[in-house]
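Student: Taken in sequence, the protein lines are chains E and A.
For the first sequence, my numbering assigns the number 139 to the initial residue and increments by one for each residue that follows.
For the second sequence, my numbering assigns the number 378 to the initial residue and increments by one for each residue that follows.
Rather than coming from a laboratory, the hints here were simulated on the basis of the structure.
Once the Cα atoms are required to be at most 25 Å apart in a straight line, the calculated SDA-like pairs of lysine to any residue come out as: (1) E:K177 - A:R500; (2) A:K504 - E:S179; (3) E:K177 - A:V507; (4) A:K635 - A:R501; (5) E:K177 - A:L496; (6) A:K635 - A:D622; (7) A:K504 - A:I485; (8) E:K177 - A:A508; (9) E:K177 - E:A284; (10) A:K504 - E:L184; (11) A:K504 - A:V487; (12) E:K177 - A:S503.
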Amino acid sequence: MTFEEIPLSEIQAAEAPATEREHRERGLWRDAFRDLRRKRSAAVGLAILAVLVLLAVFAPIIAPYGEREVLIESEGLRPRAEPCIHVNVDWIPNVPVLEQLENFLHANGFSCPSSEPQHLMGLDGNGRDVFSRILYGARISLLAGAVAVSFAVVVGTALGLAAGYVGGRFDNVVMRAMDVFLAFPALLLAIAIVTARGPGLFNAIIAVSIVTIPVYARVVRSRVLSVREQDFVAADRALGVSNARIVLHRVLPNSLTPLVVQATLGIATAVLELAALSFVGLGGDPDQAEWGRMLALERNQLFTSPHLVFYPGVMIMLNVLAFNLIGDGLRDALDPRLNR
Amino acid sequence: MLRFIVRRLLSSIPVLFGILVVTFVIARVIPGDPCQAALQERANPTACAQFNERYGFDDPILVQLGTYVGDVFTGDLGESVRLRRPVTDLLTERLPVTLQLSAAALLIAVVVGVPLGVLAGSRRNSKTDVATIVGANVGVSIPVFVLGLILQYVFARELNDTPLGLPASGQLTAGTIPEPFYEAWGLRENTVLEFLANIDLLNAVLIWRWDIFVDALQHLILPAVALATIPMAVIARMTRSSLLDVLGLDYVRTARAKGLRERVVIVRHALRNSLLPVVTVMGLSLGTLIGGAILTETIFNLTGVGKTLFDAITGRDYFVVQGFTLAVAVAFVLINLVTDIVYAYLDPEVRVG
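Isolated chain A (complex conformation) (with noise of 0.2 Å):
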């Protein structure tokens, strides 16, 4: 098992630099000065050549690769151009966002699809089983922003005034500032913290205020179920034909032989086997969800990783574009990294092959 994990491990290092040399170079193909983007009006010759030296920009290319390599290594991701805040900043302060939707969106994923699926498959060419593959089939088909609008129309417009009314926004009601919890606590502040202080549900909990909670729960139903869709469509479909190939095998006759009840057969004996599928198109969403923040957040306001990323490309702010991409390609090998691990962890097979 530590040799497979070293060997996965060590297999990720160039991958790891190819990005870091493909995020550099996303960042300087962009057209544009980004003197001009950043100055605006303010841009001349003189004010351009202060700006240039100051970030660097008039150095060789292959200086300016350096550098970045070098800082990337010391923790230093630059300054945005734009914002004027360190590039680290702006993760602390955005990352926990996506990062909080992100999860909620692969929880109900899983709460939903994974269900929907073994329901499906133990009932086959039911009437369950017919409209859970018409209902996924529809699901991985339909745009995220075409949900993420109709789920507004629905429930901040035509609900708006019934309980079942939710808010068209996903940040908190405005005038609702939290208190971070470290200094509700006592603590001082750190990156880490912040971080964590940045996760609203989190915060809420760790300060116990039940309503800033309900208030961030209720923002962030509508932007969850939206981003979550395309992969509780994929884990429903994937779980149903896992299980259907599982329930065919020989050991699921014997337990049906031995006079098992269907439903001790399926939880207990088949299930188990067919959910080595679902790990990794757990670990493949969550490459689909980070694409998909981008959307989500740019329909329900919200400033997470992809609504800066946006910004940031087509506003030319080099370091935060270098920075967030860095950030979001690690987490994405990262977890691809843990998939494996995980699946070789409950399969035995891929561990020795």
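Excised from the complex, chain E in its bound form (with noise of 0.2 Å):
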């Protein structure tokens, strides 16, 4: 049968699939969703990203106190001092285990007068409120990872499209580079480029994003390898419809389900690596509320002031915490073999 022997009929169906394609993704994702809000991992995942995302937005607002704002001076307090929080029930009439609950956390340490000035985390070497910098730090973290990522992302996707589709010599030498590069560990790799480029938070976000850029090509290329062998898409080729409009039309929207897994799960080792490119004095400077930077300035201190190598610590957890759970649960939604 020749082209012009097939009724219009016919090519319009041919059209079909990917139109219905379309409409079953919308329906994919909108299930993904509603999916991911009933697993209970993935909503915790979710609670505290919709927590960190309100502490960022609206950091100035909710601090007491500015980013680089030291209060030694002005409040007459010692650097590093232990965290200040008032616990006061002064309020409540007449209940007796609440007075000796705040007997018992004044006696301990665990709160302090209302005549002293609040600071929930206590304050850093330089004298400034640790709980304003911790928040203030949201801003940075989500951001660095969320930018690594995309970079990542986008530059691993079109290396990925390109060596799938185009294939041959071309797929061979970008896959080989791709695994010469996984050959080093992550954090190495990472370490060499932001010394290459000069420390700081830019170079290292670029650096964190460099390092993944293989796993994101690798991710595309094998949904590539597999699409273009569907039928739908020898139905394109046979309708004469270019190269460019099969890749970004047909390939691309089929490789988003793995890409958008593994890049919340990226998001999580991104933060993790930003992280410890700050610890190791790379990433951030000094005055930059960076939580891995906090918590590597102190470090040496943490035998006597715990709390400031504590609270850095614990967000920086959290955030990676919350992005693995995200993701997990992503996979599970989205994964065709578990059907709902």
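Assembling the complex is the task here: the two chains are given apart, and the hints tell you how they should meet.
Tutor: This is the structure we're talking about:
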């Protein structure tokens, strides 16, 4: 059967699977989100992320002090002062248990009298309010992770699409290069890249981004290889649809599912690696309220002022945990083998 | 099987060659003058000219690459410009430290992770299961350095005076200088013996010194646990989900239908097959371990591969960066190779496919 002999209705029918797929896709994402909220662990992840985002957005309103505000002179406090939390139950009438609790907290250093200024997480070595810095740090941490992964996803997807669709020698060269990249521990490569470009938050983001490109390139390429062989792509080719259109409108949408899962989990890894770079002194300047950096600066004070290490550490962990939980949940929700 | 191994070996040659080039490039793109970094205030034009001549930094870049590749094949990794010692010497001294740490960490990860995964998987949705899942999720999310510092605080400070107290440093107690076993045995020293003697635990056993063995073990526990947490969590999760997959298969139902006890069904029948993916995860974890070693060694004050590499990168010590990165990357490729072969041995389908 030559091209002319195909009736118009059949040509339209050949296009149909794609539109139908788009319909289903919209349903797929909505279903996935519904599943995500239903799954307990993913719901916890979403909740943590939501809180972090709220803290980051409203940091200037919630934070009692500025990101870089030094407080020693103004309030007569010493640097690395322990947390001072006001616990005051006087407004609740006559509950002896609460009174006892208040006294207990006072006696054990968990709270302090309301005559002293409140610092929920204490002061750091430069006399800055740790709680305020933690809040501003949420902005940096969330943004840095997202930027690093977005860049890696865009570049990795482009490479994967090109390698998978062009195939042949080009594919071979690109994927072997990715293998070489993956042969180095990610953190090591990132350290080398940051050192090459000079320390700083931006360069750290670039470095973390570069080292994760191969992951996305691989994911996308493997999808391309399987989609390329599908009947609807063959139909497209027969109809003379351009390569660019096939790649962007057929292959790319079909690669989105694994890509989204991988990217969500990737943010978790990126945040961990960024924190590690900051920890070894290669990301962020000392004034920036970056969690990894905050922790690194006070690491030697671990035994005398554990709160300076504990709070940033826990925040990094919560951030990573949120993306890990959401990523896992997404994988389950989007996995076609686990049918609903 | 042999064909599979050969094919797999051949396919890692281009990767190894690529690694060689990349290590060279990594060392060169780090900005800063190696002469300036090495000689510091003694650096002047004549001294630097001599320095560059000595280390070949004045050759064209391709000639340098050629010399480097040639040297590597003859086992010469150059000399540290800062420590003035051959890189191979540094490797025999410091690789064992990281090796011992990683091996201990992997051992902990497997010994704790696999049983936890089995326990969780065989009692799905029980309290144990939920606790394991929650623990595993927290485990993969906690940065190595945060956990390391928390462990130090708890065991070296809060519990310091109790029997549970552990030292905060990863090095042997100051003043403990164990005699290398080859000297005790009256052997002539060579690189291999030296390498083995630098594995503290092994050396302590070989010279039969229980006190040194205990000391080494005490100093190893905290760093190893810190480093083990992420792979442990990954392994536990993997074991659990893979066991659940296998438990749904027909042959397991058959085993149950025969009236076998659940324990026998799981340990004898299901576990073996469910450990297949776990092998892959273990291989992959080693890469994470080496990355984590940089942080763990920094926190626990150990002079291993990670710490040395970090110092070399920041101090522009070209040959150390090249040599150590090469060693790490080659180890990584070899581990992947071994993992694939073990996997193929365990799973016939891979060999054919």
